Amino acid sequence: MLLHEFRPGRMIAGLTALALAGLYAGDATGAWTTPWYVVFPVLFGGLGTAGLVTWIVYRVRRRSARSRSSDSTDAPASTSGSQAMR
Amino acid sequence: MTSSTPSQHEAPPPAEAVSAPPLRRSRGSKVVGGVCGGLGRYFDLDPVIFRVVIGVLSVPGGLGLIFYGFAWLLVPLDGEEENEGRRLLTGRVSGSTLAAILMALVGCGVFLSMLHSGSMLGSALLVAFALSSAAIWSRHRQAGAGEAEGRADAATASRPVAEAPPETKAPPLVEFPSWWRDPIVKDGSTGKIAIGYLWGPHGIVDQDGLVDGEVPKPGGQWNAGPAAPGRPKPSIRRSPFSIGGLVYLLAMVAAVVGTSLTWESEPLGTSLQTGLVAALAVFGLGLVVSSFLGRTGFGTIFLTVVTAGLLSLTTAVPGQITTEWIRETWRPASVAAVQPRYELGTGVGTLDLSTLAVPAGSTVSSEIEVGAGRLAVIVPKNAVVKLHAQVGLGDLQLPGEPANDIDIAPDRDVTRTLNPPAGTTPAGTLDLSLEVGIGQVEVTRAAS
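Protein chains in written order, with the working numbering: chain X, 1 to 86; chain F, 1 to 448.
These are calculated hints, taken from the structure and not from any lab test. Bear in mind the structure is a predicted one, so any value in this text is a computation, not a measurement. Among these hints, one or two may not hold up.
Partial list, derived from the structure: chain F residues whose beta carbon lies under 7 Å from chain X [stated by the list, open to error]: (1) Leu131; (2) Pro240; (3) Thr274; (4) Val288; (5) Phe292; (6) Asn404.
Label pairs and their computed distance ranges (CB to CB) [unchecked claim]: (7) Pro426(F) to Trp36(X): 40 to 48 Å; (8) Pro35(X) to Thr415(F): 40 to 48 Å; (9) Val335(F) to Trp36(X): 57 to 65 Å; (10) Pro35(X) to Trp263(F): 58 to 66 Å.
Each residue gets a CB set at the ideal place from its N, CA and C atoms; glycine is no exception.
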């Protein structure tokens, strides 16, 4: 069981790490100079954005799941038991 | 009551099980990490003794903190199989792991800063030796008591009293689920029926009348019984499989490959930076992949942050530090042979000016630079030395200081004029500019 729904927060965190790696790879090859303190704004900005996006996606998914399970005309959104979804 | 609870009438534990349990961090009597409680239980001593000694050892040299931090990392918690270090390496980082690492780091820092006072180290080692000998003595005493008890038991067993018939006992109780107490399951029945042999195999009869695929034997021996109740496995796997361990492994491989490929050709900082960039890229790719395939947790993100921090540290490593350790001695024979600049990447550089005759009234100037390592300068006995020494991180020793006075400090910048000792006629002036990135600068004056 590997495939799952898309998680944009992980994507942003990974892209942040890749961007940092690119910045310092250029520094190592001498293409440009990256000062040592660049890591702080990039890393904390990226991880903060990732956390925010994760939270927003979680809220959206919970709201849509709630609205789907509240209408009683169709099959319930969750069939694994009444405990899983209020 | 279900059949999964172990019967109270199974064979009593053998006498060997009384021997001391393995060293584990205590769960009940803990103040910080439970190390002292676990040590106390292991050595049969009051944990307060360990607490006091580790506290005393922590103050002067940080040895107690180092010991406690590493014990916290390496000794598993009571009832668990993995220690914190292994959890850390497999990407499952918890607050307790971080606290243990922090404690060991602070201990190492205190130890480094106190390195120059050797007398403290001696007394600390003495206290540690006293405690460990007390602990070992206590453990031996415990083992000796157990042996003596065993001998006493053997003595009573060999008496003729043992010929008397054994005392009557109540028959063993049987615990198996009964249909009138079991909850009715969804399909209306009471579920599977347990067989009711008093001395028979444990197990549950399936539809074909078999127990675990075999025909049950009435009157058989007690068998191992049902397995000990562990954490019940969830029947539905909610979260996808973790790829954190795989990503960590690949990142380590990438770091080693990146560093080793550039080790010969690049300076140390660039080589390490290449390896860390490769590791960070692998972590980033793993996180991106895990946004739709597999799962990565807090551990991977933590390791990414650590890698990025290390990366920014390696960019601060001075570029002149090389990966090759060189020993070089410069011994200019005359004033004219003194070069204006000497350079060495990593290693030990020695500038021996002890036989140099500097004519009075003249000035000889030179710059010496060592990236990382040791720079030793021997100046002639009768010369006036104008010294400008810069040490990025390390120690600076000038003539007249004791040889074992090592005081590590960052960003040393000392400008000083060293006059020849009284009784010698002052000769010319040596203008020396010494620079070491990480390491030691040692200036000594020749004896003759």
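Structure-based check of all given hints:
no. : hint                              : verdict
1   : Leu131                            : 43 Å, violated
2   : Pro240                            : 5 Å, holds
3   : Thr274                            : 5 Å, holds
4   : Val288                            : 3 Å, holds
5   : Phe292                            : 5 Å, holds
6   : Asn404                            : 35 Å, violated
7   : Pro426(F) to Trp36(X): 40 to 48 Å : 46 Å, holds
8   : Pro35(X) to Thr415(F): 40 to 48 Å : 29 Å, violated
9   : Val335(F) to Trp36(X): 57 to 65 Å : 42 Å, violated
10  : Pro35(X) to Trp263(F): 58 to 66 Å : 25 Å, violated
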